[in-house]
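> Guided by the hints, dock chain B onto chain A, whose structure is given.
Number of protein chains: 2
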Amino acid sequence: MAAWSERLAGVRGVLLDISGVLHDSGEGGGGRVPIPGSVEALARLKRSQLKVRFCTNESQKSRGDLVGLLRHMGFDISEGEVTAPAPATCLILKERGLRPHLLIHDGIRSEFAQIDTSNPNCVVIADAGESFSYQNMNKAFQVLMELDNPVLISLGKGRYYKETSGLMLDVGAYTKALEYACGIKAEVVGKPAPGYFQSALQEMGVESHELKEHRNKLP
Amino acid sequence: MAAWSERLAGVRGVLLDISGVLHDSGEGGGGRVPIPGSVEALARLKRSQLKVRFCTNESQKSRGDLVGLLRHMGFDISEGEVTAPAPATCLILKERGLRPHLLIHDGIRSEFAQIDTSNPNCVVIADAGESFSYQNMNKAFQVLMELDNPVLISLGKGRYYKETSGLMLDVGAYTKALEYACGIKAEVVGKPAPGYFQSALQEMGVESHELKEHRNKLP
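Line order of the protein sequences matches chains A and B.
Mapped onto the working numbering, the consecutive letters of the first sequence carry residue numbers 182 to 400.
Mapped onto the working numbering, the consecutive letters of the second sequence carry residue numbers 182 to 400.
Next comes chain A alone, as it looks inside the complex (with noise of 0.2 Å):
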């Protein structure tokens, strides 16, 4: 306990990940199960005097979804402590008028119920997975060349994650794909973007060197 006090010292909230620290990804987004130990530490975690904070960049499920799924693993978590890539963008895009062509997993869409999508004047991409298909890549291509100032918006920049059956390309590599073909620079939303970090430590009324991120698993 002496070493915790001793690491922890100056430190008032901490950030937690989702994937790979408090689960292990499965196979197209189900059969995730939690890391051993991890219910338990999280649990530790909120006994304590220490702000809890999830920050993911999950981008195939909606916040409420994903938070179903952890509570049924047993952990303590609820919608309102999770900052995810989805709900962050929907700020984004209304306080621009923005109105996204949505390049997404249907697992999310709910996110995006209340946006105005007609006549779109961006395009938002995010893990959509299978739906990565030829056809909705150039759909999104397309809207962006008609576009005279071409925004494009990322949910995240991971180049692949992991699950059981193997290594799966990420948004990255698909959002690098459209950057290339249009000559743009995506916006990312997510991590590691600063201002999403931030976004997150506000929400826990933390300031930045009050924290502490734990990048590795739990336990």
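Each hint should be verified, as a subset may be incorrect.
Repeated chains share a single entry, so a pair holds when one copy, or any two copies, can fit it.
Said to hold, decoys possible - Straight-line alpha carbon distances no greater than 27 Å define the calculated DSSO-like cross-link-like pairs of lysine-lysine that follow: (1) Lys-275 - Lys-320; (2) Lys-338 - Lys-320; (3) Lys-338 - Lys-366.
Keep in mind that the hints were calculated from the coordinates and are not lab data.
Okay, now just chain B, sitting in the frame of chain A:
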């Protein structure tokens, strides 16, 4: 005629592109139509003292199919006059003992009929069109990630091309996706790689200073 002679002083050969020079692209690689005047312009070049060769990045059709289509349009062209990325790639694969996993359009699969594709030690990517599914991209990605020394050969690096139905994503975009995901750099076989032009010149028996490349429509 005087202007022609002046412009061609010291020129011994003409290297011509095909798509956008001899014909315009139609949807799905079909429906290609000759550009008005180009059949006659090519015939005139062939009657001249100039050596004529075709240098294309076509990677959806085999050289045989492409030439058949052009001859049907009325062009005086034979298979041996065409430098295309697929045959050039086959030479490289044989020279270096590479066994490719092929991420290509079915239309050029016949070009690789003599190539050993068992137990692949590289990936060859071409303009695969609709075959750029998530599953096929992910398979190519996984093959590369399993190699100690991942080799990715890209048939061209085009960003997009135009069909009658609109702009279409080209191989370069998908190559960028794999480069980013794997943290590697592809070897490009096709224009604008200098080695590719050089091989076309060798096949013509012309030095580069004796050449005139036409980038625009012929007539």
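> Now tell me, hint by hint, if it's right for this structure.
Here is what the structure says about each hint:
1. Lys-275 - Lys-320: Within one copy only: 23 Å inside, 38 Å across.
2. Lys-338 - Lys-320: This pair counts as both: shortest intra-copy Cα distance 20 Å, inter-copy 20 Å.
3. Lys-338 - Lys-366: Answer is both: 12 Å inside a copy and 18 Å across each meet the 27 Å cutoff.
The structure shown violates none of the earlier numbered hints.
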